[in-house]
Amino acid sequence: MLALRLPEDIERRLEALAKRSGRSKSFYAREAILEHLDDLEAAYLSDEILKRVESGKERTHTLEDLERELGLAD
Numbered sequence: 000m001l002a003l004r005l006p007e008d009i010e011r012r013l014e015a016l017a018k019r020s021g022r023s024k025s026f027y028a029r030e031a032i033l034e035h036l037d038d039l040e041a042a043y044l045s046d047e048i049l050k051r052v053e054s055g056k057e058r059t060h061t062l063e064d065l066e067r068e069l070g071l072a073d
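Going by numbering that gives the first Met the number 0, the first residue of the sequence shown is number 0, and it counts up by one from there.
Since the hints were made in silico from the structure, they are not lab data.
Taking lysine to aspartate or glutamate and the EDC-like style, the derived pairs with C-alpha atoms no more than 20 Å apart in a straight line are:
{"hint": "1", "residue 1": "K24", "residue 2": "E14"}
{"hint": "2", "residue 1": "K24", "residue 2": "E34"}
{"hint": "3", "residue 1": "K18", "residue 2": "E7"}
{"hint": "4", "residue 1": "K24", "residue 2": "E7"}
{"hint": "5", "residue 1": "K24", "residue 2": "E10"}
{"hint": "6", "residue 1": "K50", "residue 2": "E40"}
Just so we're clear, the structure is a prediction, and the values are computed from it rather than from any experiment.
Given the sequences, and given the hints that come with them, work out the whole structure.
Below, the structure is given as structure tokens:
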């Protein structure tokens with residue numbers, strides 16, 4: 000179960016869309032979350048990885064290092 004407060008103008012738009020389409024406000028809230036959750040997770044995880052790399056807690060490798068490690072270097 001999820002409860003959230005929306006700004007009045009967004010609430011009005013959501014209500015109008017629900018009335019015009021015959022769908023519930025919950026349907027559209029769920030659709031919006033599902034549509035954007037992957038992007039939000041990716042953005043958050045990218046920020047976390049960048050912080051670890053910048054702090055030196057995460058090792059980085061060049062393409063040349065990886066190719067040599069995998070025996071693909073010329």
